[in-house]
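Protein chains: 2
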Amino acid sequence: MKNKIVTISREFGSGGRTVGKLVAQKLGIPCYDQELIEKLAEESGFTHEYVQEHSEYTPHSSWLSNVFSGRTINGVSNQDYLWIIQRKIILDIAAKGPCVIVGRCADYILRDTEDLLTVFIHASMQSRAERIVKVYGETENSPEKRLKDKDKRRTAYYEFYTDMQWGKVQNYHVALDSGVIGIEKCADIIVDLYKQLPQEQQPSADDKPTTSKK
Amino acid sequence: MKNKIVTISREFGSGGRTVGKLVAQKLGIPCYDQELIEKLAEESGFTHEYVQEHSEYTPHSSWLSNVFSGRTINGVSNQDYLWIIQRKIILDIAAKGPCVIVGRCADYILRDTEDLLTVFIHASMQSRAERIVKVYGETENSPEKRLKDKDKRRTAYYEFYTDMQWGKVQNYHVALDSGVIGIEKCADIIVDLYKQLPQEQQPSADDKPTTSKK
Numbered sequence: 007m008k009n010k011i012v013t014i015s016r017e018f019g020s021g022g023r024t025v026g027k028l029v030a031q032k033l034g035i036p037c038y039d040q041e042l043i044e045k046l047a048e049e050s051g052f053t054h055e056y057v058q059e060h061s062e063y064t065p066h067s068s069w070l071s072n073v074f075s076g077r078t079i080n081g082v083s084n085q086d087y088l089w090i091i092q093r094k095i096i097l098d099i100a101a102k103g104p105c106v107i108v109g110r111c112a113d114y115i116l117r118d119t120e121d122l123l124t125v126f127i128h129a130s131m132q133s134r135a136e137r138i139v140k141v142y143g144e145t146e147n148s149p150e151k152r153l154k155d156k157d158k159r160r161t162a163y164y165e166f167y168t169d170m171q172w173g174k175v176q177n178y179h180v181a182l183d184s185g186v187i188g189i190e191k192c193a194d195i196i197v198d199l200y201k202q203l204p205q206e207q208q209p210s211a212d213d214k215p216t217t218s219k220k
Numbered sequence: 007m008k009n010k011i012v013t014i015s016r017e018f019g020s021g022g023r024t025v026g027k028l029v030a031q032k033l034g035i036p037c038y039d040q041e042l043i044e045k046l047a048e049e050s051g052f053t054h055e056y057v058q059e060h061s062e063y064t065p066h067s068s069w070l071s072n073v074f075s076g077r078t079i080n081g082v083s084n085q086d087y088l089w090i091i092q093r094k095i096i097l098d099i100a101a102k103g104p105c106v107i108v109g110r111c112a113d114y115i116l117r118d119t120e121d122l123l124t125v126f127i128h129a130s131m132q133s134r135a136e137r138i139v140k141v142y143g144e145t146e147n148s149p150e151k152r153l154k155d156k157d158k159r160r161t162a163y164y165e166f167y168t169d170m171q172w173g174k175v176q177n178y179h180v181a182l183d184s185g186v187i188g189i190e191k192c193a194d195i196i197v198d199l200y201k202q203l204p205q206e207q208q209p210s211a212d213d214k215p216t217t218s219k220k
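Sequence order for the protein chains is A and B.
Following the working numbering, the numbering of the first sequence begins with 7 at its first residue and continues without gaps.
Following the working numbering, the numbering of the second sequence begins with 7 at its first residue and continues without gaps.
Just chain A, same shape as in the assembly:
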């Protein structure tokens, strides 16, 4: 295999970032998460905070009002401008060598890449709410409300730029519920798969048809 890449898509509060870090540590390869934000800020000229908020989420204001606002560069909206740079950065990173890339539609941007393992990490609303309170120091009265807002805006961003459905099981090689399976165990499963892939499926003769043909 050449450059084996792991992309980790994740629900906000599911611990997907931590899973990505653990996988990279266990495999001894780079994990790109905050590093992507820094590269984006550097190449785009936007602040770290602006890139953080606009490189993965639709803005709170309506999408159209953003697209058609005066905030454009050479006629391209700021968010489209960030997307173009982000896509280039992710393709460059993947070409350099094996790595883990967290979020930012890397699964879509690298969909034609050889030796790609696409992962989706999710958890129940209750599990994620408890997590952002315990780990993120969430102080809002309703963490569920914040999670729903994050889910809605991240989904809208992903589906706008990829034209794919966020969280559709067929889009990922492996999808894990971190609230039930545990962060460490999720990482172990991904590391194990990374080491063994690619693997040919061996059809089994005992898997006979069970339905009459129509």
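Derived from the structure by calculation, the hints contain no laboratory data.
Misleading hints may appear alongside valid ones.
The list cannot tell twin chains apart, which means a pair is met if one copy fits it or any two copies do.
[What the hints assert, rightly or not] Each computed SDA-like pair below joins lysine to any residue, with the alpha-carbon atoms no more than 20 angstroms apart: (1) K156 <-> Q176; (2) K140 <-> E49; (3) K156 <-> K201; (4) K158 <-> Q171; (5) K154 <-> K174.
Using the hints, position chain B against chain A.
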């Protein structure tokens, strides 16, 4: 843990049945697949073939034409009648002891069961088409056409009776692409998770917030 149950939802041609059998063999617990068909036929009085076709798929004729056709028992459509018996059989099986149950909306029927591991096995259209030709002895010119028909009717059946979305990643604890991961490896991952669950998620202090609160 009490009765640990594994439910395996699967795309037609993904090898999910074989994964279920392997998991049950490795764990030394029963796997209910064809056994469900036989119990359903026995308790409903329908033929094995009729139950096979109508216990997991909407009919080729339109759903409404089936519901309002004269084919009813005490005013209940045949398919609703089968669903009622199927639900009872699955609840009885789960109450008896640990087991693997393949398909038939068991993930939904047992959703409130303690110690449930819900699995979804899928694969690309190309991988499934190759599989039904190699393993199932598929002889049609277009296995893709048959797969699409199966997908459409199984999805419609699931969503009609469960009011849940088929293949929505959040509905399953683990979802695996058997075409990429391999049948044997899928089974090993599920067996490993079965043995280790339940497992508490341990929040990690290094998973700091990366987005400004709104």
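Hint by hint, here is what the structure shows:
For a Cα distance limit of 20 angstroms, the shortest separation of K156 from Q176 across copies, 16 angstroms, qualifies, whereas the shortest one inside one copy, 22 angstroms, does not. Neither within a single protomer nor between protomers do K140 and E49 lie at most 20 angstroms apart by alpha-carbon distance, with minima of 34 angstroms and 51 angstroms respectively. Within a single copy, K156 and K201 get their C-alpha atoms no closer than 33 angstroms, and across copies no closer than 34 angstroms, so neither meets the 20 angstroms cut-off. In this assembly of identical chains, the alpha carbons of K158 and Q171 lie at most 20 angstroms apart whether taken from the same copy (13 angstroms) or from different copies (17 angstroms).
In this assembly of identical chains, the alpha carbons of K154 and K174 lie at most 20 angstroms apart whether taken from the same copy (18 angstroms) or from different copies (17 angstroms).
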